[in-house]
Amino acid sequence: MATETMTEKALEAAPPPSRSRRAALAWPIARRALTGVVTLWCISVIVFVATQAMPGDVAHIILGPGASSEQVAQLNQNLGLDQPLLSQYLDWLGNVLTGNMGDSIVSGQPVSELLSERIFNSATLTVIAMVFIIPLSLVIGLLAAVFRDKLLDRAYLGTSLIVTATPDFVIGSLVIALFGTVVFKVLPPVSLIPPGDAPWEHPRQLVMPLAVMVLVGVTYLSRLVRVSFIDVLESEYVQLAIIKGLSMRRILFLHALPNALAPSIPAASIMAAYTIAGSVVIEYLFAYPGIGSALVDAVAGHDLPMVQAIIMLMAAAFFCFNQLADLLGTLNKSR
Amino acid sequence: MLSRLASKGNKGHKVHKGYPRMLVPAVVSTMVVSLAAGCSSDSAEGKGAASGGMVRVGVVASTISTIDPYSNLRSQDFYVRNASLYEPLAHRTKDGGFEWALATGITHNKDNTEWTVKLRPNVKFHDGSAFGADDVIAVFNRVLDKKNALIERNYIDFIDPKGIEKVDDLTVRFKLPKPYGPFEFAVSNSNIIFYKKDSKPEQAMGTGPFSLVSFTAGREAVVKRFDGYWGTKPKLDKVKIISFKTAEASTNALIGGQIDASSNILQTSLPTIEKTPGLKVMKSDVNLKVSIGMRADTAPFNDVRVRQAMRLILNRKLALSNAFDGLGELANDYSGFDRCVPDVPQRDQDLDQAKKLLADAGKSNLSIDLETGANKPGMLQLVQILAEDAKKIGVNIKVQKMELGAYLEKWGKRTFYTGYDTRPYLEGVPEMISNDDVLNHQHWHDPEFEALAKKLYATSDAQEQCDLQKKMKKIEYERGATILTATNPTVSVYSSKVHGLVPQFPSGNLYDFTKVTIDH
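Protein sequence lines correspond, in order, to chains A and B. Per this note's numbering, the first sequence starts with residue 111, numbered consecutively. Per this note's numbering, the second sequence starts with residue 11, numbered consecutively.
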């Protein structure tokens, strides 16, 4: 009786199970969010310092060598660049904390206005690329694993090695020459998306940049999938399934696939992050109106608010995908 | 030499952008440079084509641009757009004269201190309101206000804003603090264009042959025919000005049929373009001199013999063919273009004489850095050719290629460096005699040259101006501080469906679409 009473009291004192689970989940999430904020702040400082360390000043770059010293000084004053560095940074940080990414130093227009459509365009390109990259990588990785060391596998490995070793802009240049300007001329060599239109309204303009992104992404990710599949196919339980006479289709899709996918999914998240960063080169090459091409201009013009905004966006996306990869990796381990 | 980085254009200036050569997308198969000589030009006015339609023009432009006609951000889109939307007082012509635009005449008093500009009557802005003296005065006041830091001020800084007065709605008088002869030349600068007083930049309220339909920074601008235009009305319905980040992208779009015309094409792609059916190549008059500057107040170039030696080392013919793809003509170490040419022989390579001059100056084994931003086609190749030629007489020139921002940071402080010159002589001389290190970056002060310059700007007599220019150019040739190797044209490419395009004087770019038609 006494024992019963004590147990009841203990149960009453303990928090409800769902609440404790929530609390247990809340801390890691809060910790990750905090890490994200600190990471982004560090990046903002690094970008600021790096931009300041770049030789040349904005007024000189804007006005060119035809401007007098007086005009250069006046423009620096007009742009607020004669203020102390710390004050410039704090102004920018203050704006960001109130949800304002500031104005472009060079044009004076709000950064959000200059970038909003470009962010949408870049996100569209990345998402569509990933929609192709993931299933294609799975299929190709699986086939390569099944036909391991056969001609198909060897050809695939050789090709993927060449593609991985070749810089994106070289592959892009070759694709443009082959399909856009020199050999076949069947696709538009430049991705001219009219302002105000969604990229998918002009599918022909997307073919070449997507082709390059998918080619680069698939050759990387499918090799990881291939290795995962090979590991799984060599495991004891798959060997047992083969001995038991299960069909190959059943072994592959029912037993091997779920286990092979597990390590590949975090890799796919990281692949998505790399695709965002890699889009800078692709956008520049195909003149695609995204944030990548805007970043190239902003860096060349030392336009700090533009550079900060674009890098922060990319870093935030990169961070989120990395966290997703971590999370999926953790889930995989517990599984 | 007045080397300029900011691309200048708009009916009066050259537009050229630095072409990053690392990305050569369309030209994997176009690395062989062999421009055929016969560059064709269909200059027939609207030949065989009906009115209407839209021409798509490709320009190389920054992502960050604004619609303000006096923005300090100047990519080529700025100049093409402005030339369609706005007008200057007059357009300069090849023979040194003027074709009146918003002005109908300019008169002056005897001592060139008072100039009166008569404005064209019945000129309308795009909203239908009348253009007049108040608009002209507002623009001059803006340009002359030091706080705005506008480059145009350099061309008209002889004007005192307090001396500008409205005589009547169509007459403006300029009372100058001191005599100024080439007033008409200065105020007809094609970048001094007029908008409606108190209008907002985004309204783009000009008087030009086209009015604004839409503008997206760094992407495109669309302009449509302005039916209330005072002059010859355009035949096209619209012009779409599409911005590209690089000449490579613009070239690819042209070959791929995504645009109809462009002056920003990759020169190494010309062989491919010439083989492409449906594309035509058009070469303008020469209008660009890539220069090598020598700082004249610093050793070793404070000795005129060293400067002369450097000029004799360079094989100009080789530079013209190899660095500039054989597109232009030889230059002769004086600035300006084809008018008022001095009677001096074409300078050629003379290594023996160069060696002797260096020995006389005690600089036989000279070793020096030559810095370049490589921001013009052929610039890097030019300095490499000079360095190779110099080796033959024991001179060691170390070529330093720099990032453009870093290069400009010390502009005016460099000893041996590259630049370029696109301006008419009268616009260039004030900087050559300036005491500002940034403008007179060679730090070259020649008393005789400067005395002649004073006379040049005091007279309004065209013949006298020309004679003075010849004398000044001869001094530049003899003891100046710049190596000018070749003068290059602007090469434009356009679709054979387009008719009536002509290279604009003097920039050579495609700015004037009033006589253009396109096959539907």
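These are calculated hints, taken from the structure and not from any lab test. Wrong hints could be hidden among the right ones.
[Unchecked claim] Pairs of lysine-lysine, BS3-like flavour, derived with a Cα cap of 30 Å:
1) K134(B) to K176(B)
2) K134(B) to K295(A)
3) K295(A) to K290(B)
[Said to hold, decoys possible] Pair ranges (Cβ atoms, derived):
4) K420(B) to V273(A): 39 to 45 Å
5) L207(A) to D144(B): 43 to 49 Å
6) E180(A) to T114(B): 34 to 40 Å
7) V155(A) to K134(B): 51 to 57 Å
For clarity, every value in this text was computed on a predicted model and none was experimentally measured. The beta-carbon is built from N, C-alpha and C at its ideal position, and this holds for glycine as well.
Going through the hints against the structure:
| no. | hint | in the structure |
| --- | --- | --- |
| 1 | K134(B) to K176(B) | holds, 19 Å |
| 2 | K134(B) to K295(A) | violated, 46 Å |
| 3 | K295(A) to K290(B) | holds, 18 Å |
| 4 | K420(B) to V273(A): 39 to 45 Å | holds, 43 Å |
| 5 | L207(A) to D144(B): 43 to 49 Å | holds, 45 Å |
| 6 | E180(A) to T114(B): 34 to 40 Å | holds, 35 Å |
| 7 | V155(A) to K134(B): 51 to 57 Å | holds, 54 Å |
Hint 2 from the earlier list is the only one contradicted by this structure; the remaining hints agree with it.
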